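Listed in order, the protein sequences are those of chains C and R.
Quick note on numbering: my numbering labels position 146 of the first sequence as 146, and the sequence is numbered without any gaps.
Quick note on numbering: my numbering labels position 133 of the second sequence as 133, and the sequence is numbered without any gaps.
Calculated from the structure, these hints are not laboratory results.
One copy or any two copies: either way a pair holds, since identical chains are not told apart in the list.
Here are the simulated lysine to aspartate or glutamate pairs, EDC-like style, with alpha carbons at most 20 angstroms apart: (1) 191 / 41; (2) 191 / 171; (3) 191 / 170; (4) 191 / 37; (5) 191 / 25.
No experiment lies behind these values; they were computed from the predicted model shown.
Protein chains: 2
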Amino acid sequence: MLTGMQKVRVHNISMSVDGFMAGPDQSLENPLGVGGESLHDWVFATRSGRHMIGQEGGDTGLDEDFFVAGVTGIGATVIGRNMFGPIRGPWTGDWNGWWGDEPPYHHPVFVLTHQARAPLEMAGGTTFHFVTDGPEAALQQALAAAGGEDVRIGGGASTIRQYLRRALIDELHVAIAPVLLGTGERLFADKTEMSGYSCTRLVSSPAAAHMVFTRQA
Amino acid sequence: MLTGMQKVRVHNISMSVDGFMAGPDQSLENPLGVGGESLHDWVFATRSGRHMIGQEGGDTGLDEDFFVAGVTGIGATVIGRNMFGPIRGPWTGDWNGWWGDEPPYHHPVFVLTHQARAPLEMAGGTTFHFVTDGPEAALQQALAAAGGEDVRIGGGASTIRQYLRRALIDELHVAIAPVLLGTGERLFADKTEMSGYSCTRLVSSPAAAHMVFTRQA
Chain C
1 MLTGMQKVRV HNISMSVDGF MAGPDQSLEN PLGVGGESLH DWVFATRSGR HMIGQEGGDT
61 GLDEDFFVAG VTGIGATVIG RNMFGPIRGP WTGDWNGWWG DEPPYHHPVF VLTHQARAPL
121 EMAGGTTFHF VTDGPEAALQ QALAAAGGED VRIGGGASTI RQYLRRALID ELHVAIAPVL
181 LGTGERLFAD KTEMSGYSCT RLVSSPAAAH MVFTRQA
Chain R
1 MLTGMQKVRV HNISMSVDGF MAGPDQSLEN PLGVGGESLH DWVFATRSGR HMIGQEGGDT
61 GLDEDFFVAG VTGIGATVIG RNMFGPIRGP WTGDWNGWWG DEPPYHHPVF VLTHQARAPL
121 EMAGGTTFHF VTDGPEAALQ QALAAAGGED VRIGGGASTI RQYLRRALID ELHVAIAPVL
181 LGTGERLFAD KTEMSGYSCT RLVSSPAAAH MVFTRQA
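Isolated chain C, as found in the complex (with noise of 0.2 angstroms):
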């Protein structure tokens, strides 16, 4: 895939320390599961985080930092249906995504999914594609429209396996939160989608242990 100097990039996926990015039951009450927040106390105590969800105050530091990088740079996202709504099957009511009016997104972002659907327009600059050909078709879509920068893998687990699986991702960031969810969904479930990537860095707030794991040439 021709990608020119973009990069396509995964950042700020959190994990619990027994392996899972969300707990066990998601549903309309539960997006993350049922104690999948608490992987991201570490999000919600930064200033970016905090100022995400319309809330004042929160500390910078290394996990601000962290947050801020997976927003910075990047021109488009791709997300997988279940990240976009509980949804299943053919697209019904009128379900815009979890995020509201406004998403947080501010760029176009492009919805795997088997169900075609319009694009939908939201405020502040986010619009979401619903790809119908797969993931490939997806990224390339992404690419073209982020505007020179990179493209981020917004999740959940099975798109950024995905994308792992086919060696299209550049750079993994991890947050390991030192909370235990159970049962849930695995990031990493099979070794072999790794076998490309090295911890290229290593570093810990008290909140969580972040990893970014880079493809090598």
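Got chain C sorted already, so can you dock chain R onto it with the hints?
What follows is chain R alone, placed relative to chain C:
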């Protein structure tokens, strides 16, 4: 259990980022399982870790401090049979542990086993005691033999989990190495075993993320 001021501690448990304490196919040639050695790179980069295996040099700093904490103030150790050796069933031959004539314990070591065996005195102060009446009995004996110092639960995963399940561990230090093993023995296979514990320290070197879990009163 009356432990007075003595603590029951777990230290320097290396875990892969996908959650395994040892690789698959543990054997005489691969006591840590295939690929398991890489979990311990952080240990063998430290001064004390290198000294333990008869090598010079090595780094001081955070990893060294954690490694040394695991051998400081410990008067006795409890280990599972698999950590003592690869033999299953009745004792045969003259297997005296993985560590040669002078094991690095230098204190009494209680080996959990179903097969009785006379105590085995090694050079340098280590005596292996083979305990056939269960983990509580082994811990009682270790606490009594520790001369007022703490007891370390040495491993492997199933032994640590037996004690976690009984809430008999006061402090658990896990070092997460940024490598994947893909399969093997999981430390955190059951969330309920850790339900009484909180992470009280999280720090990283470039080689490992160190988490300390402490039992809450």
